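Peer 1: Sequence:
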Amino acid sequence: MIICAPDMTAEIASRFGAEPCVLVTLGMRLRRQLMMKTLADIGLASARRGADVAMYVTYLRNIKPTWAIVPDRFADFRATLASWFRYSPIIAKYSAPIFAAQEFYKPHVFDAIMELLHMGVERVALPLRAHHDATCAARPRLCAERAERTLRALCGVAQHIHLLGPALRVLRSLRGVLAQCEKESTTSLDTTSYRRAANSEVKRQLGGRWMPRDSREAELMLEAWLRQALL
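Numbering (the numbering used here), first residue to last: 284 to 514.
Since the hints were made in silico from the structure, they are not lab data.
Predicted model, so just to flag it, every value in this text is computed and none were measured.
Treat the hints loosely; a few may be bogus.
[To be verified] Quick list of simulated restraints, FRET-style, between CB atoms:
{"#": "1", "residue 1": "Ala293", "residue 2": "Met402", "range": "31 to 41 Å"}
{"#": "2", "residue 1": "Ala293", "residue 2": "Arg496", "range": "18 to 28 Å"}
{"#": "3", "residue 1": "Ala375", "residue 2": "Asp335", "range": "14 to 24 Å"}
{"#": "4", "residue 1": "Ala375", "residue 2": "Leu514", "range": "35 to 45 Å"}
{"#": "5", "residue 1": "Glu294", "residue 2": "Gln511", "range": "25 to 35 Å"}
{"#": "6", "residue 1": "Glu405", "residue 2": "Arg344", "range": "18 to 28 Å"}
{"#": "7", "residue 1": "Ala436", "residue 2": "Lys320", "range": "25 to 35 Å"}
{"#": "8", "residue 1": "Ala365", "residue 2": "Arg499", "range": "36 to 46 Å"}
{"#": "9", "residue 1": "Met494", "residue 2": "Gly439", "range": "38 to 48 Å"}
Ideal Cβ placement from N, Cα and C applies to all residues, glycine included.
Work out the full structure: start from the sequences and follow the hints.
Peer 2: Following this line, the structure appears as structure tokens:
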């Protein structure tokens with residue numbers, strides 16, 4: 284498993300038997316270059332309102348991340364697919380492009396995704412922070428059931444499967460299928476959810492605050508979030 288987060292370190296990843304990866308979104312400065320892999324994304328806000336693709340491509344050209352989510356449109360498979368065909372060849376010059384499979388849980392969309400894989404698309408991301416009809420933090424069982432069905436079909440077919448911003452309880456529900464999937468495909472996930480304290484104990488350690496003041500506190504919060512999600 285590859286875990287991507289803005290505050291990820293090799294030490295934190297090793298505690299969970301994972302490979303570290305730094306998550307960067309459009310405009311975010313890349314603080315950890317070293318030997319660590321990097322995932323770039325436009326972010327959920329840009330997926331909702333529409334991304335400045337020219338700015339994103341320039342950003343990718345400057346930082347050259349390991350992977351990049353091709354600009355997607357929230358809960359709109361058709362628009363995301365059109366964006367993929369238009370921009371993935373450009374993004375592929377600077378990074379390995381990942382297709383964000385919006386609405387993957389709808390049967391006709393799932394069939395289209397499988398066709399894309401047979402056409403040569405290698406990397407697929409499943410959005411697990413919000414769907415068109417639910418936020419995954421509020422309805423984790425719904426999002427997890429949708430993801431599990433799709434993961435079982437994608438494993439061994441997609442070269443790389445990414446979980447895009449999974450809610451904590453959704454990720455907990457998917458640990459079993461992910462363990463199976465990792466035998467056949469490369470898997471990864473990204474998160475920024477830990478930047479609001481994962482539980483009251485972390486809040487106590489931060490002196491009653493929910494948000495980190497510095498990188499040390501952010502790393503503490505990331506480790507607490509991963510402990511709840513993966514152990």
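Peer 1: Work down the list of hints and note, for each, if the structure agrees.
Peer 2: Tested hints:
Taken as a hint, the range 31 to 41 Å holds for the pair Ala293 and Met402, whose Cβ atoms sit roughly 36 Å apart. Checked against the hint of 18 to 28 Å, the C-beta distance between Ala293 and Arg496 comes to roughly 23 Å, which is consistent with it. Checked against the hint of 14 to 24 Å, the C-beta distance between Ala375 and Asp335 comes to roughly 19 Å, which is consistent with it. The given range of 35 to 45 Å is respected by Ala375 and Leu514, whose C-beta atoms sit roughly 36 Å from each other.
For the hinted restraint 25 to 35 Å between Glu294 and Gln511, the CB-CB distance of approximately 18 Å leaves it violated. Look at Glu405 against Arg344: about 21 Å separates their beta carbons, and that is inside 18 to 28 Å. Taken as a hint, the range 25 to 35 Å holds for the pair Ala436 and Lys320, whose Cβ atoms sit roughly 26 Å apart. Between Ala365 and Arg499 the CB atoms are about 43 Å apart, so this pair conforms to the stated range of 36 to 46 Å.
Distance hint for Met494 and Gly439: a CB-CB separation of about 40 Å, consistent with the stated range 38 to 48 Å.
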